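*Asks:* Taken in sequence, the protein lines are chains L, G and R. First residue of the first sequence? That's 1 in the UniProt record's numbering, and the numbers climb one at a time after it. First residue of the second sequence? That's 1 in the UniProt record's numbering, and the numbers climb one at a time after it. First residue of the third sequence? That's 1 in the UniProt record's numbering, and the numbers climb one at a time after it.
It is possible that some hints are incorrect.
Straight line, CA to CA, 27 angstroms or less: simulated DSS-like cross-link-like pairs of lysine-lysine [what the hints assert, rightly or not]:
| hint | chain 1 | residue 1 | chain 2 | residue 2 |
| --- | --- | --- | --- | --- |
| 1 | L | K176 | R | K408 |
| 2 | R | K259 | R | K162 |
| 3 | R | K453 | L | K176 |
| 4 | L | K135 | R | K475 |
| 5 | R | K465 | L | K120 |
| 6 | L | K105 | R | K475 |
No lab work stands behind these hints, which were simulated from the structure alone. As the structure is a computational prediction, the values presented were derived from the model and not from experiment.
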Amino acid sequence: MLTVLLAIGILVLLSLIFGAILGYANVRFHVEGDPIVDQIDALLPQTQCGQCGHPGCRPYAEAIANGEAINHCPPGGQSTIQALADLLDVEAVPLDGDHGTESAKRVAVIREDECIGCTKCIQACPVDAILGAAKQMHTVIADECTGCDLCVEPCPVDCIDMVEIGVTAKTWSWDKPQGIAATSLDIIATDRQAEVAH
Amino acid sequence: MTEYLLILVSTILVNNFVLVQFLGLCPFMGVSGKLETSIGMAMATTFVLTLSSLCSYLTYTYILQPFGLEYLQTISFILVIAVVVQFTEMVVHKTSPLLYRVLGIFLPLITTNCAVLGVALQNISKQNGFVESILYGFGAAVGFSFVLILFSAMRERINVADVPTVFKGSAIGMVTAGLMALAFMGFTALVQI
Amino acid sequence: MRTEKPQTAKVFSFHGGIHPPENKAQSLQLPLGKPSLPSELILPLGQHIGQSSRPLVKVGDKVLKGETIAINNGFLSSFLHAPTSGTITAIEERLIAHPSGLSDLCIVLTPDGNETWTDLEPLNNWQDISKTDVLAYLSEMGIVGMGGAGFPTQVKLQGAHKNPLTHFIINAAECEPYITADDMLIREKTLELVAGIEILQHLVEAENVIIGIEDNKPTAIAALKTVLTQRNSDIQLAVVPTKYPSGGEKQLIQLLTGKEVPSGQYPADIGVLCQNVGTCVAIHDAITQGKPLISRFTTLTGDALKSPQNVEVLFGTPVAHLLEYADYESKKLSRLIMGGPMMGYTLDSAAVPIVKTSNCILAASKKELPAPAPEQACIRCGMCEQACPASLLPQQLLWFSKSQEFEKAEHHNLFDCIECGACSYVCPSSIPLVQYYRHSKSSIREAREANVKADLAKQRFEARKARQDAEAAEKEAKRLARQKATTNKATDAKKAAPAKATPTAAAAPATNDESKKLKVDIAIGKSKLKKLQKQLLEAQENEHVEEISNLQLQVTDQEKAIAALEEQLAKTPSAAPAAPAANTEKATPAPVSDELKKAKVDVALIGVKLKKLQKQLVETPDDQELKDKIAAFEADLKAAQDIVSKLSSNAQSSTNATAAEPKAVMSDELKKLKIDAAIAKAAVKKVEKALKKAEEIKAPEADAIRQQLKEAQQRADELEKALANPETAAPKAAPEKAAPTAENTDAEAAKKRKIDLAIAKAGIKKAEKNIQLLKDQGKEESEIEASEWPKKLIEAQQKLAALEAEEGAPAPVEKTAEPVANSEAKAEPEMDLATQIKKEKVAVALAKAQINKLNKRLESTPEEAESIKQEIAATEQRLQSAEALLEKLIHSQTNMQENR
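Could you put the whole structure together from the sequences, leaning on the hints where they help?
*Replies:* See the structure below:
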């Protein structure tokens with residue numbers, strides 16, 4: 001009986017000591033801020049579109065650091081999800097359709113003769129990419145526009161179009177080659193069977 | 001002196017914890033996908049293994065043995081390891097953000113690394129002294145790091161290689177690990193005593 | 001001596017390289033061809049690396065051969081010239097020669113067939129003028145590197161001065177199979193080439209000038225040797241063994257200098273400059289003949305052509321036209337390639353034009369250029385590594401490219417790959433390695449651009465957020481300040497808890513705060529008013545009728561607003577005097593200055609305590625202790641009140657605090673009046689100025705202006721007098737206690753009188769000056785006006801005397817309404833009548849306000865009815881006179897406007 005009590009006592013003592021050490025360390029070595037947030041933020045596309053349900057990319061980065069799903073960013077698309085998955089060492093999941101779908105890069109264009117100069121879009125733009133003054137025609141600085149859509153909704157005369165940025169000779173990029181033909185990859189018999197099964 | 005050297009040679013090559021004793025296989029397979037992460041894991045493990053083998057030795061010798069509670073070694077070692085890992089993480093986080101970024105998420109993972117507990121237990125069964133315990137832990141960690149980094153470098157190649165479909169992923173990884181283990185068997189007769 | 005240098009340079013070697021079948025003989029069988037003009041020339045605006053050019057022409061413009069049709073758009077850009085004379089028929093998107101097969105903006109020129117040259121201005125003095133000017137000239141001639149990339153030459157030459165130039169290399173290697181354009185160019189234009197090199201050497205001043213040429217061009221080598229010997233040139237000729245890709249810039253540099261261009265650097269960094277032979281000839285033509293870059297040598301070759309040959313072709317010529325010229329067999333044609341078989345790209349359409357960098361059109365048959373074999377798995381043979389001229393590890397790069405590990409690919413120097421295609425050529429598994437590299441490169445570039453854009457967006461977003469936060473913080477601070485102000489008021493009120501016991505004390509600080517705010521408002525309003533008045537005056541001077549009426553309206557509004565504010569201000573302190581009579585014992589003086597506050601708070605506190613004790617006393621009338629305390633407090637209170645009264649006025653010796661009240665009202669009114677007076681004086685000055693001006697130009701309005709001046713001065717005087725009024729009115733406020741008050745006011749009044757005295761003296765001086773001025777000017781005028789001015793002078797002197805008399809006998813003189821009435825009689829029209837009217841209106845409003853105020857007081861303090869009634873009467877009189885004046889002014893204004 002004594003030994004049992006002794007054993008329990010020792011274990012409790014050990015736990016208390018270790019708990020105290022950890023508790024002390026937690027206070028003594030407390031760190032403000034989370035470096036992981038910066039890393040996540042660096043991977044996000046910074047469109048500040050709010051489609052993830054957060055007001056901007058950094059808040060979403062903070063949310064991810066606190067455990068939110070990584071697939072709420074349509075502008076970043078699958079590549080961003082992949083990068084986040086690599087960083088956080090979690091499974092890459094497909095984009096959550098509730099937050100929008102991945103679309104081609106777009107830029108807002110104001111139909112300038114229809115603009116009434118209400119400045120509503122200017123207030124909505126998260127990156128100050130719209131130029132104009134009250135009762136003056138507004139225009140979008142295309143280079144600064146992140147294509148976030150946020151200016152479309154507030155426009156009272158619906159004069160903002162989201163235009164897809166087409167590929168020009170300057171922005172064109174080479175395709176990835178087809179790669180090894182599927183058939184030549186069938187190295188062993190089971191590969192071919194798998195092919196048949198599909 | 002030779003004795004210490006032998007301990008190192010033994011733990012790193014001859015009795016490699018991963019490939020010969022098959023301890024710590026989870027991080028070995030899990031974190032070897034990328035070279036960078038495996039290096040981070042190797043560093044973190046080296047650090048923790050050495051420290052925890054020291055701490056567990058102290059706990060055993062000065063707390064458990066005097067009270068004749070040797071049968072509590074497993075549970076108390078787990079306690080010790082968990083505390084060491086947590087403590088290390090906190091200290092590193094505060095003192096060296098750079099190192100924390102490298103070791104970062106791997107530190108907590110080490111708690112579940114069976115090699116750490118294995119080293120602590122083997123220290124007892126082999127009746128290692130203070131210095132031997134530290135060396136044993138350190139050697140085990142170096143051996144672990146060594147094969148982990150080698151293996152991750154290989155896996156990076158394998159990832160882009162043309163592997164039969166059925167072997168893709170972990171399967172070919174396991175096969176490779178097995179081949180590596182076979183290779184390490186060659187070290188068995190390295191030291192003649 | 002020039003001959004000391006060996007004519008042939010030492011040749012080194014570079015790693016790797018391949019020896020594909022040359023296939024150069026086919027296109028050298030025929031002499032240089034000159035195709036006819038096509039039906040239209042398509043000139044892409046982006047024929048070079050960097051920004052596309054900006055078109056200078058419009059659709060329908062007629063251009064001459066060699067005329068500039070597009071200019072550079074930034075630093076890394078180039079000019080574009082019309083290759084022949086004709087009409088611009090379109091500026092639109094056309095298919096261009098690009099691996100993407102996409103369209104780009106092009107200028108479409110329809111030739112008129114005349115080939116009329118524009119005026120050519122050769123740069124004959126290129127040796128004398130500065131090199132920068134020569135470079136600028138080259139830029140205007142549209143010269144770009146003709147070897148392949150189309151790098152603007154002037155930019156490359158500028159960059160060459162980064163380091164002392166040891167080697168200037170002319171690239172004549174032309175290593176790619178099939179292409180013989182440079183070979184033909186050297187044969188045809190040897191002299192021009194050498195002259196061009198000499199011009200370039202003059203520009204860059206390199207230690208060694210070497211022409212690098214492959215040994216498979218014996219005719220060209222011989223021609224070059226002849227010319228070089230003839231000219232006794234110190235240009236060296238280096239014949240390099242035929243090996244692909246010795247014509248690559250970095251490879252040729254290594255061949256000729258033995259130096260390797262470090263990874264990520266340019267040849268200029270190691271003191272080497274490389275130029276293509278075509279560029280040298282173009283530079284020669286531009287400088288010595290003034291011909292811009294409008295044509296080039298291009299090889300037409302391939303099995304699908306019956307007569308393969310080299311042609312000198314104008315830019316913009318469609319490929320189809322050239323194929324036609326070289327008799328192509330459409331049956332045989334399987335692939336149309338722009339460039340060579342190694343580095344060229346397949347054209348989807350033959351409609352694309354020849355541009356500055358098109359060195360070859362390869363119309364290949366199926367047999368000649370079979371479709372690439374299907375890609376097989378890499379067998380790790382390592383042949384690609386053996387072939388790579390850039391000493392890279394193609395196999396590693398392939399793996400990284402395949403698994404999208406771009407970071408690692410970059411680590412393995414992917415960007416040093418020159419995409420020569422040697423690795424693909426030797427690969428036994430037919431892996432299109434270069435395609436993988438190209439894809440990786442463009443993916444990395446895209447990612448970099450996206451990163452830059454994301455950073456920019458982040459920066460802008462953060463800046464915006466910071467701005468918004470700052471704005472919000474500012475608002476919050478303001479809100480807090482307001483809140484604090486109100487709570488302060490509340491605490492003030494609490495401090496002066498006597499709210500119930502001594503309402504005066506409570507009212508005092510509150511009213512003080514309010515009056516402060518009002519004063520600020522008034523000040524703001526006045527400054528606005530001044531601005532408006534200024535504008536109005538200007539408008540009147542310039543006779544902008546519309547503006548005048550508009551501004552007048554604004555002025556009126558502003559003045560009304562100020563009047564209202566002033567009224568309010570006048571009311572706030574006046575609230576104080578209402579109470580004191582009720583509780584003389586605990587009366588607290590209304591605040592006059594900040595210094596007083598503390599003393600007043602003391603008084604208030606003591607008052608509160610006293611009140612409390614008194615209450616207690618009522619409850620327990622027998623408590624002796626309490627009575628003692630009360631006595632002590634009463635003593636304290638008295639002492640505190642003493643301090644307060646002392647502070648409030650140095651001259652005030654009275655212990656009766658009630659005297660302070662009317663004074664407060666008075667001082668406010670005084671201020672108002674002073675401001676009015678100041679405005680009036682300003683008006684006087686203005687009118688004087690106007691008068692001077694008018695007199696200078698002998699304007700007929702001078703008289704009118706003079707009258708206005710008088711009016712304004714009178715107004716000023718009147719106000720000055722009015723300044724004295726409140727002082728005199730003040731004692732009436734408390735006639736019962738007038739005796740001691742008089743004394744108090746005396747000191748204040750004395751000060752004011754002194755000021756008035758000074759003003760009056762100044763007025764006399766002014767009048768005298770004016771008289772003098774008038775005398776100096778036309779006699780007649782002076783005669784007319786003389787009667788007025790001396791009068792004025794006398795008046796002023798009288799006033800001075802009166803004031804001085806006042807000084808002597810401090811009893812305030814009663815002249816409330818009289819002066820107004822007097823001045824009213826003299827009221828005359830003036831230019832800024834409107835201002836006067838408004839002022840008068842203000843005066844009326846003020847008078848009315850005062851009457852209202854007095855009436856109120858009359859109600860609240862019936863015991864003072866007598867004095868207040870008197871005051872009301874006086875004010876009413878004033879009001880009447882002011883109204884009369886106002887009427888007159890308005891009348892005269894309408895008269896004036898009618899006259900106008």
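*Asks:* Work down the list of hints and note, for each, if the structure agrees.
*Replies:* Do the hints match the structure? See the list:
In summary, the hint linking K176(L) to K408(R) is supported, as the alpha carbons are separated by about 17 angstroms, within the 27 angstroms threshold. Simply put, K259(R) and K162(R) have alpha-carbon atoms about 17 angstroms apart, close enough for the 27 angstroms limit, and the pair holds. With a C-alpha separation of about 24 angstroms, the suggested pairing of K453(R) with K176(L) holds against the 27 angstroms cut-off. A hinted pair counts as satisfied when its Cα atoms are at most 27 angstroms apart, and K135(L) with K475(R) qualifies at roughly 25 angstroms.
Restraint check: the Cα-Cα separation between K465(R) and K120(L) comes to about 17 angstroms, which is no more than 27 angstroms; the hinted pair holds. Between K105(L) and K475(R) the alpha-carbon distance is near 38 angstroms, which puts this suggested pair outside the 27 angstroms criterion.
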